[in-house]
Amino acid sequence: MDNNKHYDVIVIGGGITGAGVARDCAMRGLSVLLLERFDYTNGATGRNHGLLHSGARYAVTDRESATECIEENMILRKIARHCVEETDGLFITLPEDDLDYQKTFVEACHASGIRADIIDPAEARAIEPSVNPDLIGAVRVPDAAVDPFRLTVANVMDACLHGAESLTYHEVTGLIVNQNRVDGVKVRDHRTGEEKEFRASVTINAAGIWGMLIAQMAGVTVNMFPARGALLIFGHRVNQMVINRCRKPANADILVPDDTVCVIGTTSDRIPIETVDDMRVTDDEVRLLLAEGEKLAPSLATTRILRAYAGVRPLVAADNDPSGRSISRGIVCLDHETRDGLAGFITITGGKMMTYRLMAQITTDMACAKLGNNRPCETADIPLPGSEKPKSGNAQRSFAFNAAEGRHGTMTSKISMESDADKALVCECEGVSVGEIKYVVENQHVHNLLNLRRRSRVGMGTCQGKLCACRAAALLGRFNNNIPKAQEDLAEFLDERWKGMKPVAWGSTLREAQLTATVYQGLCGLDKAITRKEGSK
Amino acid sequence: MKFDTIIMGGGLSGLTCGIALARTGKRVAIVAGGQNTLHFFGGSFELLGNVDGADVTNPLEAISSLDQQHPYSKMGHEQVAQLAEQAKSLLGDAGIKTSGDSARNHYRITPLGVTKPAWLTLDGLATTDRPDSLPWKKVALINLESFIDYPIDFVVEGLRALNTTVEMPTVTLECIKRARRSATEMRATNLAKVFTNTRNVAQLAEAINAVAGDVDAVLMPAVVGIDNEDASDILKAQVEKPMYFLPTLPPSVSGVRINAALRHYFQMLGGRFLLGDTVDKATLEGDRVTRVNTAKLQDTPLEADQYVLATGSFMSKGLVSNFERVYEPLLDLDTNAPKEHAQWSQFGLMGDQPFMSYGVMTDEHFRPLKDGKPLSNVYAIGQVLGGHNPLTLGDGTGVSLLTALAVAQNILDQK
Amino acid sequence: MATTQLTSISDHNFEQCLKCSICTVYCPVAAVNPAYPGPKQAGPDGERYRLKDPKFFDEALKLCLNCKRCEVACPSDVRIGDLIQQARMKHTTHRPKLRDMMLANTDLVGSMATIVAPITNFSLGLKPVKVVMDAVMAIDKHRTFPAYSAQKFEAWYRKNAQAQQDKFAHHVSYFHGCYVNYNFPQLGKDLVTVMNAVGYGVHLLDKEKCCGVALIANGMYQQARKQGEVNMASMRKSINQMRRPIITTSSTCTFTMRDEYPELLGVNNDNVREHLSLATRFLFQLIDEGEVKLAFRPDFKMRVAYHTACHMQRMGWAIYSTELLRMIPGLELVELDQNCCGISGTYGFKKENYETSQAIGSILFADIEAAKPDYVSTDCETCKWQIEMSTGVKVLNPISILAQAIDVEATQKLNGVR
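Residue numbers (the numbering used here), protein chains in the order written: chain A, 5 to 541; chain B, 1081 to 1495; chain C, 103 to 520.
Hints in this document: simulated from the structure, not taken from any laboratory. One or more of the hints may lead you astray.
Claimed, not checked - Using C-beta positions, here's what the derived DEER-type ranges look like:
#1 Ser1179/B - Leu435/C: 28 to 38 Å
#2 Glu392/A - Thr194/C: 27 to 37 Å
#3 Arg260/C - Lys1361/B: 40 to 50 Å
#4 Thr194/C - Glu1444/B: 52 to 62 Å
#5 Ala1317/B - Pro156/C: 50 to 60 Å
#6 Ala335/C - Asp1313/B: 54 to 64 Å
Claimed, not checked - The list that follows gives simulated cross-link-like pairs (lysine-lysine, DSSO-like), each with its CA atoms no further than 27 Å apart:
#7 Lys395/C - Lys1376/B
#8 Lys328/C - Lys192/C
#9 Lys442/A - Lys1257/B
#10 Lys393/A - Lys157/C
#11 Lys1257/B - Lys453/C
#12 Lys157/C - Lys442/A
#13 Lys157/C - Lys418/A
#14 Lys1082/B - Lys395/C
#15 Lys1361/B - Lys1082/B
#16 Lys489/A - Lys1218/B
#17 Lys339/C - Lys1376/B
#18 Lys243/C - Lys496/C
#19 Lys311/C - Lys192/C
#20 Lys1419/B - Lys503/A
Note that the Cβ used here is the ideal one computed from N, Cα and C, for glycine as well.
Chain A with its partners taken away, still in its complex shape (with noise of 0.2 Å):
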């Protein structure tokens, strides 16, 4: 990498909107340079549902965003289809619910042109046995699953693709600032410890709640308060459909089949910006959570639970209402030339995941304004990379195959499924190839396990990652010729997928942590491998 180089566009933040601005922005001819601090998706973007939203949830009390929502939600069930699964979704009335609440909620998503049927308790039983049977009401809506890691790396994918370059656990320490105007950004390699600075014409901060901070860095105050949401993950898919509750959006009433899992949420609670970082699930988000999801699922209760984690939202307060009494969860783009008087900065927040692509449309128009760029937005039209075609279907294909068609689309075809030694599952709970490892090592910036997990689910089925964890660093070492950071990397890899498990180890969750225990501390002494590597450092 160049560090004279200067470039179009420096976009900060590896969540969905960074990755969706690089994609546009390299679309348009720009030359840009993405750097995310940790990796891909670390932030809010993969710590929420799963969920493409149809924008019914929207739809009584923030009209333009469900519009906003179904047009989206549209556009990414054609250009973003392998990371798309059409579930459909439904809005339930409970007895204690107001059923006349159902009307307002369809007439409103009509309004916002969201497809919103109103069927019969005994039908919406019949086509989602899992539904709480004490329904009094059911509306059908166009609501999908969506696979977070999956489109945040077709984007990045795609702007490499077209000429962007992509740099992970490259951290902003500092925006180089020259009268008035962003010239670039100091950044510490945190691999290397390096400290590098790289310039360009446009600094785009989409650094989700972190961007507060980046603005801070260059003298502008964006005024962010932290919404924290806590999830829970169960063993496997109790819905095959997205179930919600009709009324006013509030506390964990959510539930969405996620590829082989559900998940539950959210609970909301505004926290301080210093604990942003703190991911740790309480006992009490738990047991929201646990009493809210039986009311739209009751067999919850019974359901074994994988984990817990939390993510966190930026909501933005109004600029003419520094006390956050008056929230906008609508996409906030700023000028800061326009604003604040420092050119060369753009600040994208606020939206939803699901409405990044139309954020990265507007923060790119808006960069391409300030370079004299004026050729248009393609992003809705041309589908991502492993989109192109829909899924090959029913053909009789391996376990392995159709598991990965299922997170790669079409370029499984570049998965090596020749040999038997490539068709050797490491994660057997999610049918992860040693081909397919190879596969996203050498095509998705994959340093470490954790960002082979989330390129791939290794470790994240049902025995979160016991069988596979050593498998896949030993394989993981070999092809980036480093067999003792491998080793740590394992145990760090354990101890994230504990940090999960810790908040709901009761029943088989807690066994299976027995067994991990036993298997890597006492079988293996994982844990004095790594003690005697630190005490030769």
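Position chains B and C relative to chain A; hints supplied.
Showing chains B and C alone in chain A's frame:
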């Protein structure tokens, strides 16, 4: 059906206790709800490997520093020493040949190439007397092609840190290739089944001899010798260099073998082994259990003079946890677990996890307490016992063996 | 909220799986056939993906023997075999072949064969016929078909035994199964001998259909269900109206009707299950409770190696048969190691499975040779075919051994039978 003693649980402690009783002529039945944790065995039994974060040199001496609740503390130094000898000879009688000394730990080599203190190691596995070096200057570690249940690069790294030159020649055999045609089932135990065929063993020996080179010893993952030691004996005889095995990730070939050896020995002594069945009801009269019922035999109750609980910890379902509590599922015995699930564990998986030390509370004879009072004809042995963390102390298999023998002794002493 | 996370409930307990992989050690198929994905992958791992999308169903699941040794080994009580069979039932799109339909319809083919038994037996043994069966029907030519008896058990019973049964003080109904009826009536005769000796009259059910184990194995679930309903109706009548519990001499039939009916086929066996028992268990319980006594011939000598059939192992009932055998003073018992014989009903008859089948059985065959028994004993008829064909050692059901070992007159006297 009537027996002298009924043992619930067919793992290391249950089998050991069953053997110790059956060989005095007692009528013993073991009810085993599925297979056991010997399948995660690393090739070595450990008496006491670690106290306060430091390796233990002399386990018998170090016992005095253990907590009062530790099962060894209930036996006392002398009995531990005596039972340790008895355990070694019992294993030998069952056909499980081991080397080691209860007064001086040696070191085993883990599947990650780390050295850990050990008491008895199965003959044929590589060991060393020191934590920081190997008895060989130069070794060849045989790499079986595309065997991903052995992180061989980590082991090479680990062995090199022990000041040994390590070469890693790769062996390719038709029989391994055939096993690899399965995307999932080329596990250590399945390879070991391939090597129950002596022709395949001969091919392996030939391949090893072709690549071993000029080394002091040949090491290879323990994927030979699943039903007996014949295959490994043949292999060792045919390999030109001294040859030793290193344990793999589970399922453990040596664990499967010693599990079967103990069960055979128990059955040979006349013991009845009910595999795949679980005692799901115990009838308590006063402080005595009068009979138990199993899931499969249902209306045929099993009656005995004594009942031994060898049901293991959470992963073996000897202890059960849910959102509200930790409990012992058969008799709801007293445990040392606090009520709030938030207290059961801590962040940092490989720390001293509180739940690892949970289990039933007993008196000094290992009679479990219910509502604070010991039951008179029930005993608890092995990992269902509370009061010690087998992962931080390195005492799991030792506690299983020794408490099994102590309880057998207690039962025999009653007459 | 009272029940929140107190237990974990999932279909056949698939979610209890800790991925410990112990089941894979005991799968006889995965050990010899790399095309089979193994119980863990085929069962709980695959189930999660099948719940997501049925396209994850793998036709290789048909290679499962349904021996249930995975379930016996599982420390977490996951009913792995049931999961696999259920997935086959739910997702398989292949129609059973003619060969499979013939193999599965043991009673239909059996009744046809008995009519022409001498010809059938002659032609089944004939080389050209075997070659044709091998090529056209894909039934392996190495297989010796069990010979068909010239007289069905039911015919023998009606002619020779039925009239005397009412005189006894106690009564049972006997589900003889296809094997006793068509291939080996002697076992049925032995059962009548033993039960009569201890004072029990033996009766046939009103209507008996094949239990359906072979239909299940060959994917003919509808027919299996229908036959199950007929059997349950007959058994209910026997229990409720005649107060006769039902006994059998086949571990597989018993297992199918007690466990596979409700778990797999959804055939309700409430109020029947607890009255349906294997004859060895029934006898053992009577003896254990002091209800009946056996007297043995002093000159009886036999060295017996007992093989625990897979479904016997799954039921956990081997102890009844072995304890009964141990009661015989002149009998020396060797308990063989827990290994599958490889036949698994009709599985081993299929050409494509022959090699796998024999490879699976080889461990058991070697154990039998090493044990040098006079007879092997087992409670399963298909194990009997396989072991006799593969080792040459004769196989007897424990009931047949008892029939030989008891002193009938002395036993009658002990039990007050005139």
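Pairwise hint evaluation, lysine 442/A against lysine 157/C, where the allowed Cα distance is 27 Å at most: Status holds; Cα separation ~25 Å.
Please work out if lysine 339/C and lysine 1376/B have their alpha carbons no farther apart than 27 Å. Given pair lysine 339/C, lysine 1376/B holds - Cα atoms ~26 Å apart, limit 27 Å.
Distance restraint between lysine 395/C and lysine 1376/B, which requires alpha-carbon spacing of 27 Å or less: holds (25 Å)
Hint check for aspartate 1313/B and alanine 335/C - Cβ pair distance inside 54 to 64 Å: holds (60 Å)
Holds or violated: are the alpha carbons of lysine 1361/B and lysine 1082/B at most 27 Å from each other? Satisfied, since the Cα-Cα distance of roughly 16 Å is no more than 27 Å.
Regarding the pair lysine 1419/B and lysine 503/A, is the alpha-carbon distance no greater than 27 Å? Holds, because 21 Å separates the two Cα atoms, which is no more than 27 Å.
Verdict for serine 1179/B, leucine 435/C (Cβ pair) under range 28 to 38 Å: Roughly 36 Å apart at Cβ, these two residues keep to the hinted range, so it holds.
Straight-line Cα separation of lysine 157/C and lysine 418/A no greater than 27 Å? holds (21 Å)
Are the Cα positions of lysine 243/C and lysine 496/C separated by 27 Å at most? holds (21 Å)
Holds or violated: 50 to 60 Å for the Cβ distance of alanine 1317/B and proline 156/C? Holds: the Cβ-Cβ distance is about 53 Å, inside 50 to 60 Å.
Could you grab the alpha-carbon distance between lysine 328/C and lysine 192/C and see if it respects the 27 Å cut-off? holds (18 Å)
Keeping to a limit of 27 Å between CA atoms, is the pair of lysine 442/A and lysine 1257/B held or broken? holds (20 Å)
Hint violations for this structure: none, all hints satisfied.
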